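Engineer: What follows is each chain in one-letter form.
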Amino acid sequence: AQSVTQLGSHVSVSEGALVLLRCNYSSSVPPYLFWYVQYPNQGLQLLLKYTTGATLVKGINGFEAEFKKSETSFHLTKPSAHMSDAAEYFCAVSSNFNKFYFGSGTKLNVKP
Amino acid sequence: ETGVTQTPRHLVMGMTNKKSLKCEQHLGHNAMYWYKQSAKKPLELMFVYSLEERVENNSVPSRFSPECPNSSHLFLHLHTLQPEDSALYLCASSQESGNTEAFFGQGTRLTVV
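Chains A and B supply the protein sequences, listed in that same order.
Mind the numbering: the first sequence is residues 1 to 112 in our numbering, read in order.
Mind the numbering: the second sequence is residues 113 to 225 in our numbering, read in order.
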């Protein structure tokens with residue numbers, strides 16, 4: 001069975017501050033991990049993904065995430081928040097069977 | 113046209129109506145999905161089609177009826193819905209290889225009155 005837990009349904013940061021969105025997963029098989037972003041009334045857009053290889057993955061818009069197997073975590077970070085980063089972020093896990101399981105989402109608010 | 117396209121973008125329907133949501137993907141993928149996104153709830157996987165066969169039905173009420181006539185098209189037929197079915201319905205597609213991401217459409221905002 002697979003599942004995802006995102007700690008914090010709402011995160012608020014100041015513009016220019018570090019963004020840290022937390023994701024922990026549960027998987028009985030080696031996981032594939034994803035972060036998506038969703039703007040209001042839009043679909044989900046892929047930010048980055050981890051499949052195999054390097055555990056630190058870089059994505060679009062300056063985001064990156066690190067896969068830590070020992071901690072079953074895949075936290076999303078960005079060194080300096082921008083107003084345009086305000087959105088909802090979803091962590092997801094999948095397996096070889098291509099079923100994607102999503103966390104409940106974290107809404108990021110960026111204060112000027 | 114590229115990506116995953118959903119129509120209509122917005123739909124208001126009465127509880128006795130019958131309507132259909134359409135999803136089309138131009139990515140050559142062989143798996144397609146319907147998700148339901150309600151306020152304050154996690155994304156709910158409703159149906160999965162792989163190679164045009166339904167491989168997942170997550171205890172979805174029978175008033176939702178999916179159809180996948182070919183690998184590029186996916187429909188969700190709706191009838192006698194309830195107000196609690198109001199939500200954003202998202203279609204996605206992927207290549208069934210396990211390590212690729214799902215690509216999402218823009219969604220259909222459904223309101224049941």
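Keep in mind the hints are simulated off the structure, nothing from the lab.
Some clues are possibly wrong.
What the hints assert, rightly or not - Mimicking DSS-like on lysine-lysine, the simulated pairs with C-alpha atoms at most 30 Å apart in a straight line are:
no., chain 1, residue 1, chain 2, residue 2
1, B, K134, A, K107
2, B, K152, A, K111
3, A, K68, B, K130
4, A, K58, B, K152
5, B, K130, B, K153
6, A, K69, B, K130
7, A, K68, A, K58
8, A, K107, A, K68
9, A, K99, A, K68
10, B, K131, A, K49
11, A, K69, A, K99
12, B, K152, B, K130
13, A, K58, A, K107
14, B, K153, A, K68
15, B, K152, A, K99
16, A, K69, B, K131
17, B, K130, A, K111
18, B, K134, A, K68
19, B, K130, A, K99
20, A, K111, A, K49
21, A, K58, A, K111
22, A, K49, B, K130
23, A, K99, A, K111
24, B, K130, A, K107
25, B, K131, A, K99
26, A, K99, A, K49
27, A, K69, A, K49
28, A, K99, B, K134
29, B, K134, B, K153
30, B, K153, B, K131
31, B, K131, A, K111
32, A, K99, A, K58
Keep in mind the model is a prediction, meaning the values are calculated, not measured.
Engineer: Now tell me, hint by hint, if it's right for this structure.
Structural biologist: Results for each hint:
1. Proposed proximity of B/K134 and A/K107 is supported: the alpha carbons are some 28 Å apart, at most 30 Å.
2. Between B/K152 and A/K111 the CA atoms are separated by roughly 23 Å; this keeps the pair inside 30 Å, and the hint holds.
3. Restraint check for A/K68 and B/K130: the C-alpha separation of about 48 Å exceeds 30 Å, so the hint is violated.
4. Note on A/K58 and B/K152: the hinted pairing holds, with a Cα-Cα distance of about 29 Å set against a maximum of 30 Å.
5. Distance check on the hinted pair: B/K130 and B/K153 sit about 25 Å apart at the alpha-carbon level, within 30 Å; holds.
6. Distance check on the hinted pair: A/K69 and B/K130 sit about 47 Å apart at the alpha-carbon level, beyond 30 Å; violated.
7. At most 30 Å may separate the alpha-carbon atoms for a hinted pair to count; A/K68 and A/K58 meet this at roughly 15 Å.
8. With a C-alpha separation of about 23 Å, the suggested pairing of A/K107 with A/K68 holds against the 30 Å cut-off.
9. Restraint check: the Cα-Cα separation between A/K99 and A/K68 comes to about 21 Å, which is no more than 30 Å; the hinted pair holds.
10. The straight-line distance between the Cα atoms of B/K131 and A/K49 is roughly 36 Å, outside the 30 Å bound, and the hint therefore fails.
11. Between A/K69 and A/K99 the alpha-carbon distance is near 20 Å, which keeps this suggested pair within the 30 Å criterion.
12. A distance of roughly 27 Å separates the Cα atoms of B/K152 and B/K130; the hinted pair therefore holds under the 30 Å criterion.
13. For a cut-off of 30 Å, the pair hint linking A/K58 to A/K107 stands: about 21 Å separates their Cα positions.
14. Note on B/K153 and A/K68: the hinted pairing holds, with a Cα-Cα distance of about 27 Å set against a maximum of 30 Å.
15. Taken as a hint, the B/K152 and A/K99 pair is honoured in the structure, with Cα atoms around 22 Å apart against an allowance of 30 Å.
16. Between A/K69 and B/K131, the direct Cα distance comes to roughly 45 Å. Violation of the 30 Å bound is thereby established for this hinted pair.
17. Only pairs whose Cα atoms come within 30 Å are accepted, and B/K130 paired with A/K111 is rejected, the gap being roughly 44 Å.
18. For the given pair, B/K134 sits about 39 Å from A/K68 by alpha-carbon distance, which is inconsistent with the 30 Å threshold.
19. Between B/K130 and A/K99 the CA atoms are separated by roughly 29 Å; this keeps the pair inside 30 Å, and the hint holds.
20. With a CA separation close to 27 Å, the supplied pair A/K111 and A/K49 stays within the 30 Å bound.
21. For the hint pairing A/K58 with A/K111, the CA-to-CA distance comes to about 24 Å; that is within 30 Å, so the pair holds.
22. Using a Cα cut-off of 30 Å, the hinted pair A/K49 and B/K130 is violated, with the two alpha carbons roughly 38 Å apart.
23. Between A/K99 and A/K111, the direct Cα distance comes to roughly 36 Å. Violation of the 30 Å bound is thereby established for this hinted pair.
24. A threshold of 30 Å between alpha carbons decides the hint, and for B/K130 with A/K107 the separation of about 34 Å lies outside it, so the pair is violated.
25. Taken as a hint, the B/K131 and A/K99 pair is honoured in the structure, with Cα atoms around 27 Å apart against an allowance of 30 Å.
26. Pair hint A/K99 plus A/K49 holds up; C-alpha atoms about 15 Å apart against a cutoff of 30 Å.
27. A C-alpha spacing of about 15 Å is found between A/K69 and A/K49, which places the hinted pair at or below 30 Å, so the restraint holds.
28. Restraint check for A/K99 and B/K134: satisfied, since their Cα atoms lie roughly 21 Å apart, inside the 30 Å limit.
29. Restraint check for B/K134 and B/K153: the C-alpha separation of about 23 Å stays at or below 30 Å, so the hint holds.
30. Taken as a hint, the B/K153 and B/K131 pair is honoured in the structure, with Cα atoms around 24 Å apart against an allowance of 30 Å.
31. At roughly 42 Å between alpha-carbon atoms, B/K131 and A/K111 are farther apart than 30 Å, so this suggested pair is violated.
32. Distance check on the hinted pair: A/K99 and A/K58 sit about 23 Å apart at the alpha-carbon level, within 30 Å; holds.
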